[in-house]
Every structure is written in C-alpha cells, then in structure tokens.
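Undergrad: Okay, here's what each chain looks like letter by letter:
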Amino acid sequence: MVSERQLEAIKGAKVLMVGAGGIGCELLKTLALSGFQDIHIIDMDTIEVSNLNRQFLFRQSHVGQSKAKVARDAVLKFRPQMSITAHHANVKDPKFNVEFFKQFNVVLNGLDNLDARRHVNRLCLAADVPLVESGTTGFLGQVTVHVKGKTECYECQPKPAPKTYPVCTITSTPSKFVHCIVWAKDLLFAKLFGDRNQENDLNVRSSDAASSSDHAEDVFVRRKDEDIDPYGRRIYDHVFGYNIEVASSNEETWKNRNRPKPIYSADVMPENLTEQNGNVAKNCVVDTSSVSAMASLGLKNPQDTWTLLESSRIFLEALKLFFAKREKEIGNLSFDKDDQLAVEFVTAAANIRAASFGISLHSLFEAKGIAGNIVHAVATTNAIIAGLIVIEAIKVLLKDTDKYRMTYCLEHITKKMLLMPVEPYEPNKSCYVCSETPLSLEINTSRSKLRDFVEKIVKAKLGINFPLIMHGSNLLYEVGDDLDEVEVANYAANLEKVLSQLPSPVTNGTMLTVEDLQQELTCNINIKHREEFDEEKEPDGMLLSGWTQAPPAKDDKQSMNDKQSIGNGGDSSNALQTEPADAVKDGEMEEISEPSGKKRKLSEGSKASILDATDGTRNHKEVEKLDDDDDDDVVMFDDLDSMTNKKKRLQ
Amino acid sequence: MAEPKTKYDRQLRIWGEQGQAALEKASVCLLNCGPTGSETLKNLVLGGIGSITVIDGSKVEVGDLGNNFMLDESCVGESKAKSVCAFLQELNDAVKAKFIEEYPEALIEMNPPFFSQFTLVVATQLGEEKMIKLDRICREANVMLIFARSYGLTGFVRISVKEHTVVESKPDHFLDDLRLNNPWPELRKFAETFDLNVPDPVAHKHTPYVVILIKMSEEWTNSHGGSLPSTREEKREFKELLKSKMVAIDEDNYKEAIEASFKVFAPPGIKLALSKVLQSADSSFFPFSIAIGRPWIF
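If you read the protein sequences in the order shown, they are chains A and B.
With my numbering, the residue at position 274 of the first sequence is 274, and numbering never jumps.
Numbers given in my numbering equal positions in the second sequence, counted from 1, plus 1000.
No false leads were slipped in.
Computed far set for chain A versus chain B, every beta-carbon distance over 12 Å:
id	residue
1	G64
2	A89
3	K150
4	G194
5	D195
6	R259
7	L308
8	D336
9	L475
10	Y491
11	E496
12	N508
13	T522
14	I527
15	R530
16	K537
Here are the computed distance ranges between Cβ atoms for each label pair:
id	chain 1	residue 1	chain 2	residue 2	range
17	A	G298	B	G1016	17 to 27 Å
18	B	D1250	A	K150	46 to 56 Å
19	B	G1066	A	L517	39 to 49 Å
No lab work stands behind these hints: they were computed from the structure.
Where is the CB? At the ideal position from N, CA and C, for every residue including glycine.
If we strip away everything but chain A, and leave its shape as in the complex, we get:
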C-alpha cells in the first residue's frame, strides 16, 4: 500500500505532535499504525471525564493524569518498539525554542486555541519545519499544510477575532442570554468570590456618576456578624432590584428599548428560607467538589430550565454553600466550568437577570456550555481528520509539493463531496509574520502611552506575549528573566510615558521594531501621528494597518465600537474572548469575507480545483475559530465560496 520511498521516509522521520487530546489520540494511533517510529508529544493538560467520549487512549482510571504520558503508554502497549517522548508542558514554554523545533521533520498540531497555534506557527517558520495544522468542531473539521516559502503560513489569512461585548451591553443593556452569562461570570461571580482588588464594572451605570457612592463598594462584602441568609438576600436585592431600578431611571437608555423589571427576593420567595432550602446543616459532605445547590434543593436534571423561583433559590443556596463549605477559597476563586457550584451560581444569576430583561432563561447544561466556551465534539470527526493529517504528513516528508492539500470536512454533502480538497495558496506577501512586511500604526503620540501600545497592539493584535520593543538601537521595553532591577524599573517607567516623551521619542515617522525572541519574529511598525480618533469606530485610539483583521460577526457590529470590551472566558489576552457555544447553537457560523489583496479569482464550481487527481486520495472545508479553555479541538472557518475558486498552483 505504501511505496518503498514512503516507507523509508516514514521510518526515518522524527515527528512532533502538539496536543494529545481529541485529535491527538487518533493521530498518535494512526501514526503508530502507519509505521512512524519516533514521536514527541507536547500537552499540558490532564485527563477529564468529559474527554472519555472520544479520547480513547484514556480510561476512567486515568482521570487527573497527564494526557501526553498516558497517551504514550497506551500506544506503547501495541507498539512497544516505538520511541515516544511525552512532554507534560505548555508548548509556549521557552524550552521549546527554535533549536528544539529544528530537530523535527514535521510538526503536527492538534491544538484547541488560537494563541498556541500562532505561537507554533512562528516557531515552525523560524525553524523552517513544515507544519500540518488541524481542528474540529462537532462534525466539521479541516487539515491545512504550511511550508515556509511554499505555502501560506497559518497567519497569512486572518483568523476570526474572539467575540467581545461592549461594557454597557453587559452592565446595562443586555439583549441576549450570553450577555447575562458574562455579567454573572465576569462581574458578579468575580466580585463576590474573586479578587476583591480587581477592578470591576459591576456598578457601572450609564447614568451620571453622582448616584454611585462610596458605600456601593461595601455592599458586596459580608459584614462581620451578618447571617448568611440575610446576606444572600441583600446581594440579591442589590443587583437584581436596586441596581435595575437605578438603571431603569435613565430615560435616554430606554427610549427604544424595553425597560428591565427590578426583582426583589421578597417578591419571588417568601421569607422563610431555612425550610425551603434543604439541609445544608445536615449535609456532611466533606468533599468540596461535590457540593451542589441543585442536589441540596432536589433539582436533578441539568437539562431542565429553571423557573425564576428555582433560579432564585439556587442563587441563594449556592451563595450559602460557598460560604459554608468553601469559605477559604472566597477571594481567590475564578470561574471554572468544571466547578459545579460555580456553574450553578452563574446559571442562576444569569437567569434572574434574564428574567429582568425579558430574555429567555436557559438550563444549566446550556449555560455551562456558554459560560465555559464548551465546544461540542465527537470521536468520528477526529478520526477522519487524524487520517488526513497523516496523509499530508507523508506528502510533506517526501516533499511532494504539488500534492499538498488543504482538506475540509463538511457537515453536509456539497457538490457531492463530504471531504473537500483545495490546493494551498502561495504565501501572502503582506503577511507580517512570514513575509516581514512592515505595518503602519496611526496613533496620537502625545496622548497614548507605551503601555497602551504594548497591551492593545503588541499583545492583543500581534500575539506577541514576550515582546522586545526597539526604536533604532534603543531598547524601549522588554520582558525577560535576566533583567536587572534597574532595567525592570526603567521599563516600568517607560510604560507609563506618553510615546513622544519616551527617552527615545516616538513621533510621526518613527519606525518601531517589535520582536519576540522565542518566536523569532520581527515586526516593523511605521508610526503615524494622528490627533483625533472616532470614539465609536476606533475606541482604542489606534489604527493598525497592513495587518488584516477578520471582520466582526454579523450581529455583532457593536462589539468593535466600544472603549472597553468584556469577553466571555478567561484565557490569556486582555478582553478578547470568543463565544463559540452560542454561535454554534444558533446554527450560525461566522463568515469571513475575502481579505484584501488576495489573488483568488472567482470561478464558482471550478471542478479542476476541487478534484484531487494526483494521488488518488480522497480529500475534502470550513472552519470556525473558537477560542476556549477546554481541551477540545477547534475548527477554523473560511469562506465557503473561495473553496471553489481557482487556486494558484505551487511551483
């Protein structure tokens, strides 16, 4: 079946797999069965119960152990002669530097987040090692090939930006359930159980500042001798009653919208809680992880949608349980989708808020999916994708450039195919990652600080997490372990300075160089001074061009227009998070229109570009970017039409 040439290449290949999850398990198995002998695996996650429906190298007894290690052990059982090296670590760790990557013939990604993918992309470019990328969501999946100089790199085409929501939508004018979830999770939960010192928009209102008084801060803190029941009701009444009344009073906000209804605990629940709320006192559960308000109240089914009354009861009960059983954690808690009590609390709070604003309530199951950015996943898609990855990997090892294919696994048969193969594009000449094209930044150099530049451009947009910023030969800022105190102080001071006031002033016409040593990425940015920025359209007060950003989602025009944004999720970058569960649930997928400057020609249904006549393999599109902190695999989304366009053949 495999030719001599292929067999030789396979046997002698050293392969790096990044990710040992859904795709990873299938991939490792397929690589092993295909004759690969030397594989390294990097995965920082541990095994969870929800993995077991598809990550078949793992068993119930492995829950909590390292994925990379268990995967290795499982495969060695049927291929004892193989060399499999497992790294239980984060691929962004500096030890996985360019030198490390250089030892491999090909890198195969089975990741679940954009950040890590970009990082690996840059390292592969720096090491000049081919990369086979992939992702899956439910029944959709795709495999893409990236070879430096020959094909586009992973970042040549813009990937959808994670969905964010304007602050005022979250704090004052929610219209969708997800807004209520974000409020409940990032504001209320964070305020009550998270770091008290953290800035929190919970009491931000669109009305004038005069009404917000200092005593508002104390509202959320439980007083010394305050009983838990009155405390709970006090919080309830404050956020669902008082705050709503205040917000409701602003005429301007509600001119074209339905006013929210304040909800007070006394109206929803009669005073006598101790009878209603189950047997907390009798509950001698020591194991904090199984503490549950639902169990306490006898609400068994996570798929049921609670009523306002039930949600209110859960709200109070969950609050009570946190204080009764998990008091030590309060002040340090961050939302975790696998924390049952946290999910219950957030669902309840979101539901009550939804009731206030006339938004429909949702079940715990649904809310958890939204709050936890859960991606739906099944074994079969991963198996298909893994198979395709190996097929492409073999082509890459043999340097059969003409045969490289990007393959899209569709949900429904389109043009009689379920797998759609497409030839890769040539590298994008204006890709700042692989083509080193300089970018342009319009910014007010006498108003914006270096910190703004670092946070909003370097980290958020360019994905450079450990930057080095230079103006000519002058170091303006850097991050590193080997800096001395003076340098650290210097850089800290620089961050607070306005650009034109920096030791090496940055003004109109300046060229800044931003580097990431680990990714070996250098990016040049031409600075153009501009006085005014549109508050709505350019809330950051900066405009980066030459870097193509995917347009925002259809119904989300507002999200780009606000000064700050609140995301839904707790991943790395600033306020940027995605909203995958919602998008998928509504059957909507984000569509990305063609980025500017592409060489694609529009010839719909061009059969020649679709059928893969060369190596007889069956290949087949579409992906949606979903950023999540789950260990599920994610799919990228591209414009369906462009798949049928004529492609530029590779040389």
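Starting from the structure of chain A, add chain B where the hints point.
TA: Same frame as chain A, but now just chain B:
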C-alpha cells in the same frame, strides 16, 4: 444526574438527550472485526451504544498486529472476536459487549433469524454474494444495515435501510406563507382599511407591501375569472401592474411588493411529493394525516 452524563457532555451538545437515548437503546452487530470493523465499533462504543455483538471466526495472527491497535502480542492465537470485544469493553463499561466466534458467512447461510434481534448490522469485508443475501435478510426483519469495505486508501460505505424519517428542524430556506391568495378575515379587514390610490404621497408610499399584494391580487383575480397569475407571461404582467401603481421612484413598499410577488404565485395546497407521503400507507405520517383536517400547515 449530572455525573453519568458528564462523559457524554460534548456529544450531548451535538445530538441532545434524544439522540443519546437512541444510541443507548441500540444494539449493533459487527460482522468481521478487522481494522475497518474495529474502528467503526470503537466510535460507537465511545459514544455509548447500547450493546455490541462482535462476530468473527478467525484467530489473531501476527500479521493482524500491524493494523489493528486493539490487539497486542498477548492476543496471538486467541479468537479475534474475543480480543477485540475485550478491548472495546474497556473503552466504555456502560456498553454490553458480546462476541461469537463464528464466520459471518456461515451465519448468513445457516441462521438468518439471528439478525432480527439487532437494531443495526455493520457488515465489513464481505463478498458480494453474501452482501446480497444479508441485505434481503435484514430488509425482511426490518434491521438497518451498513456495508463497509476498505482497501488501502480506498473503500466504501453503503447504507441499506427501508425507510428513514428526517425532520428538518432548522431549515436553511424558510418559506413563509403569508396566505396572500386566501387572506383570513382579520387580514382581509386590515387590507380593506387601506386605499391604494390615496392621494397623500407619504401615505401612498407607506402602504405595507402585503396589503398592496392582497389588493392587487384581488384585482387580478376579479379580471381573470377568479384565478391567480400562473404562466410566466401572467406573472410578468402582474409585476407590471404593480409597477404601474407607483407614483414616485422611491416607493420602497412597491419595490418590496414586486420582489415578493412570487408569494402570490405559489399554488396553494400541499406539494405533490408531500401528498404522496401523506397517502402512503406505510408512512409513519399516516396517523398524522388523518388527524389534520385541512392541511393548511403546509
């Protein structure tokens, strides 16, 4: 209740509780547990299928170790069905896994009634003659059947099922029916409150397009013996008629009416194909079609 389902959480978000229940009720029979069959069953078992029965008469040979990851050296000499079954059972202990050391061909020849107990039979690597026989057996017993064969990088999957009902719950193209050819009383009354030829230009261009269509289609039917535009020529004429009613070029309501005029043309009643289904005696829609008097839903 949260606990048992946690394992299936990610797939529940695809097919919901109903889908999961259907999986858990199903019993699957696998014929031949080579790599194709084994991989197939792996995915079903991981998903929580009710039960599996693995049928294979062969013993594990050294050559099998190369392409079936469920087998390792210690299995050599053992029944392949037994070894694969054991591995599959480990993947999910909620699944009832059984095996029978028997050649599928023999079963097909000697014991056709055997297959009636299953919801689905997955038959891999069978020859054509046996596939045809098995197909007949399963059809009669109303058991679903899937054939699969693979050779290197090619293969096929073929489904053989008598009837499978699919309800498109989220259709891509939602055709709304405004009942323009037969407005109900309140709509008719509403339309009557409008005068298409109102002199005030603002009122004229604010007449809702639905009202325009109702009135104009009424005018048409009155002058065409009670029938609506049906030929291409007539449809074009109708559109021209609408256009002639415009008094200014910026009247969006008339433009909308012209664009939406096809809603008037659509013949009322059920489509022919749907009628056939409703009339078909075997169809599970049968009781439904009796229940509805006037199929105005469609």
